[in-house]
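Undergrad: Mind docking chain R on chain D? Use the hints.
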Amino acid sequence: MGTTKSKQQRDSTFHNEFFPHADALYNFAYHLTYNEEEANDLVQETFMKAYRFIDSYQVGTNSKAWLFKILKNAFINHYRKRAKQPNKVDFEDIVSHHDSDSDKFKGSVDLRQEIFQGMLGDEMSNAINSIPVDFKTVILLCDVEGFTYEEISKIVDIPIGTVRSRLHRARNLLKEKLKDYAGTLGYT
Amino acid sequence: MKRVLKIFGIGGHNCKDVVEKVEFLLDGELDKETEARLIKEINRCPSCLEHYAIDDAFKKFVKTKLDRKCCTDGLKSEILEKIKNLDAELED
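Chains as they are written, first to last, in numbering that gives the first Met the number 0: chain D, 0 to 187; chain R, 0 to 91.
Pulled out of the complex, with its shape left as it was, chain D reads as follows:
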């Protein structure tokens, strides 16, 4: 596939608007896959796709969100292939079940502030990696990368109301996991 942009325009867009997000993309890919090799592949694929389809990117717009959407779609494609293997849990079914009453907020998990104090990064990583991938995705996009609900809605391709309810449930799930860890470590 060709491109209408000159080599100079492509270089400029790539180096000024795409490549500075390499670390953030890698961090997102790593926490989605929890695997360095897969994260490497996803980031490479993202940049290759972004460059190949550089004409569809409007210079000066939200390049970070655009790249994250490409990475998220690449991840879904890989993930779907893996999910077709036997004995893999279909997390999408779990998430769509949780999203089904998207406007109703259930109460928050009771998690006392002191619980956080003794926790280490490893416990946090284990907890976040133990929740379904669609929940993990919204937490990474919102709390780690600081995207707005509107940006997350575009990256993940779900309505803003679903972003809100999914984030709420994702955080509650994560709190449950952390509470369990805290219990086993004797913090509670």
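Be a bit skeptical, because a hint or two may be false.
Computed Cβ-Cβ distance ranges for the label pairs, DEER-style [unchecked claim]: (1) D:His77 / R:Asp91: 25 to 31 Å; (2) D:Asp54 / R:Asn13: 50 to 56 Å; (3) R:Arg36 / D:Asn128: 36 to 42 Å; (4) D:Lys6 / R:Lys15: 29 to 35 Å; (5) D:Asp121 / R:Asp72: 22 to 28 Å; (6) R:Lys83 / D:Asp40: 17 to 23 Å; (7) R:Ala52 / D:Asp40: 38 to 44 Å; (8) R:Asn42 / D:Gln8: 50 to 56 Å.
Chain D stretches covered by chain R per the calculated footprint, using a threshold of three residues with CB under 8 Å from any CB of chain R [as the list claims (entries may be wrong)]: (9) 26–40; (10) 54–63; (11) 66–74; (12) 136–146; (13) 164–172.
In the DSSO-like style, the derived pairs of lysine-lysine whose C-alpha atoms are separated by at most 30 Å in a straight line are [claimed, not checked]: (14) D:Lys68 / D:Lys80; (15) R:Lys59 / D:Lys174; (16) R:Lys15 / R:Lys62; (17) D:Lys176 / R:Lys62; (18) D:Lys63 / R:Lys68; (19) D:Lys176 / R:Lys68; (20) D:Lys48 / R:Lys68; (21) D:Lys80 / R:Lys75; (22) D:Lys63 / D:Lys48; (23) D:Lys4 / D:Lys68; (24) D:Lys174 / D:Lys63; (25) R:Lys59 / D:Lys178; (26) R:Lys15 / R:Lys39; (27) D:Lys48 / D:Lys4; (28) D:Lys135 / R:Lys31; (29) D:Lys135 / R:Lys83; (30) R:Lys75 / D:Lys68; (31) D:Lys135 / R:Lys68; (32) D:Lys68 / R:Lys62; (33) D:Lys6 / R:Lys62; (34) R:Lys64 / D:Lys4; (35) R:Lys68 / R:Lys83; (36) R:Lys62 / D:Lys48; (37) D:Lys135 / R:Lys75; (38) D:Lys135 / R:Lys64; (39) R:Lys59 / D:Lys63.
Note that these hints are calculated values from the structure, not bench results.
Ideal placement from N, C-alpha and C gives every residue a C-beta, glycine not left out.
TA: Coordinates of chain R only, in the frame set by chain D:
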């Protein structure tokens, strides 16, 4: 664009209403006026204030404790090399 959310009806303080909106406040998703009203409501109720403090700590905890991974120099070089090759392909 931040969404304007109607969060208070006619009447007094309602902890459930306030608590439901704390996440939106911490995520910076409320307009200034709604934000100011919510903060006022939180400050007048110890239970809401405690809920706010926990959610605030939790959000900060997620951001700071999650190990931040970076692209290695090797991966960056590999990407740049692939882009160079793709560029040559696009020029043809």
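Undergrad: Confirm or reject each hint.
TA: Hint-by-hint comparison with the structure:
1. For D:His77 paired with R:Asp91, a C-beta distance near 29 Å keeps the hint of 25 to 31 Å intact.
2. Take D:Asp54 and R:Asn13: their Cβ atoms lie about 51 Å apart, and the range 50 to 56 Å holds.
3. Between R:Arg36 and D:Asn128 the beta carbons are some 38 Å apart, a value that agrees with the proposed interval 36 to 42 Å.
4. D:Lys6 and R:Lys15 have their C-beta atoms about 59 Å apart, which leaves the hinted 29 to 35 Å range violated.
5. Separated by about 25 Å at the C-beta atoms, D:Asp121 and R:Asp72 satisfy the suggested range of 22 to 28 Å.
6. For R:Lys83 paired with D:Asp40, a C-beta distance near 19 Å keeps the hint of 17 to 23 Å intact.
7. A hinted range of 38 to 44 Å for the beta carbons of R:Ala52 and D:Asp40 is consistent with their spacing of about 41 Å.
8. At about 52 Å, the beta-carbon gap between R:Asn42 and D:Gln8 stays in the expected band of 50 to 56 Å.
9. With 5 residues carrying a beta carbon less than 8 Å from a beta carbon of chain R, the stretch 26–40 of chain D meets the three-residue requirement, and the given coverage holds.
10. Residue count for the stretch 54–63 of chain D with a Cβ under 8 Å from a Cβ of chain R: 0. That is fewer than the three needed, and the coverage hint is violated.
11. Here the stretch 66–74 of chain D counts 0 residues with a CB under 8 Å from a CB of chain R, which misses the bar of 3, and the coverage is violated.
12. Look at the stretch 136–146 of chain D against chain R: 4 of its residues bring a Cβ nearer than 8 Å to a Cβ of that chain, three or more, so the hint holds.
13. Evaluation of the coverage hint for the stretch 164–172 of chain D: fulfilled, as 3 residues show C-beta separations to chain R shorter than 8 Å, against a requirement of three.
14. Distance check on the hinted pair: D:Lys68 and D:Lys80 sit about 19 Å apart at the alpha-carbon level, within 30 Å; holds.
15. As the CA atoms of R:Lys59 and D:Lys174 are separated by approximately 13 Å, the hinted pair is consistent with the 30 Å bound.
16. For the suggested pair R:Lys15 and R:Lys62, the alpha carbons sit about 26 Å apart, so the restraint of at most 30 Å is met.
17. Taken as a hint, the D:Lys176 and R:Lys62 pair is honoured in the structure, with Cα atoms around 16 Å apart against an allowance of 30 Å.
18. Taking the CA atoms of D:Lys63 and R:Lys68, the gap is about 17 Å. The hint holds against a cut of 30 Å.
19. Among the hinted pairs, D:Lys176 with R:Lys68 is consistent with the structure: their alpha-carbon atoms are about 22 Å apart, no more than 30 Å.
20. At roughly 22 Å between alpha-carbon atoms, D:Lys48 and R:Lys68 fall within 30 Å of each other, so this suggested pair holds.
21. Distance restraint check for D:Lys80 and R:Lys75: the Cα-Cα separation of roughly 27 Å lies within the 30 Å cut-off, and the hinted pair is therefore satisfied.
22. With a CA separation close to 14 Å, the supplied pair D:Lys63 and D:Lys48 stays within the 30 Å bound.
23. With a C-alpha separation of about 22 Å, the suggested pair D:Lys4 and D:Lys68 falls inside the 30 Å cut-off, and the hint holds.
24. The straight-line distance between the Cα atoms of D:Lys174 and D:Lys63 is roughly 28 Å, inside the 30 Å bound, and the hint therefore holds.
25. Distance restraint check for R:Lys59 and D:Lys178: the Cα-Cα separation of roughly 16 Å lies within the 30 Å cut-off, and the hinted pair is therefore satisfied.
26. Between R:Lys15 and R:Lys39 the alpha-carbon distance is near 15 Å, which keeps this suggested pair within the 30 Å criterion.
27. Restraint check for D:Lys48 and D:Lys4: the C-alpha separation of about 15 Å stays at or below 30 Å, so the hint holds.
28. Proposed proximity of D:Lys135 and R:Lys31 is supported: the alpha carbons are some 29 Å apart, at most 30 Å.
29. About 34 Å separates the Cα atoms of D:Lys135 and R:Lys83, which puts this hinted pair outside 30 Å; it is violated.
30. Between R:Lys75 and D:Lys68 the CA atoms are separated by roughly 20 Å; this keeps the pair inside 30 Å, and the hint holds.
31. At roughly 16 Å between alpha-carbon atoms, D:Lys135 and R:Lys68 fall within 30 Å of each other, so this suggested pair holds.
32. Proximity of D:Lys68 to R:Lys62 is assessed by CA-CA distance (about 21 Å); at most 30 Å being required, the pair is judged to hold.
33. Between D:Lys6 and R:Lys62 the CA atoms are separated by roughly 38 Å; this puts the pair beyond 30 Å, and the hint is violated.
34. Taking the CA atoms of R:Lys64 and D:Lys4, the gap is about 42 Å. The hint is violated against a cut of 30 Å.
35. With a C-alpha separation of about 25 Å, the suggested pairing of R:Lys68 with R:Lys83 holds against the 30 Å cut-off.
36. Taking the CA atoms of R:Lys62 and D:Lys48, the gap is near 29 Å; set against the 30 Å cutoff, the hint holds.
37. Only pairs whose Cα atoms come within 30 Å are accepted, and D:Lys135 paired with R:Lys75 is accepted, the gap being roughly 26 Å.
38. A hinted pair counts as satisfied when its Cα atoms are at most 30 Å apart, and D:Lys135 with R:Lys64 qualifies at roughly 15 Å.
39. Of the supplied pair hints, the one linking R:Lys59 and D:Lys63 holds, its CA atoms being roughly 22 Å apart against a limit of 30 Å.
Violated hints, listed in ascending order, are 4, 10, 11, 29, 33 and 34; each of the other numbered hints is respected by the structure.
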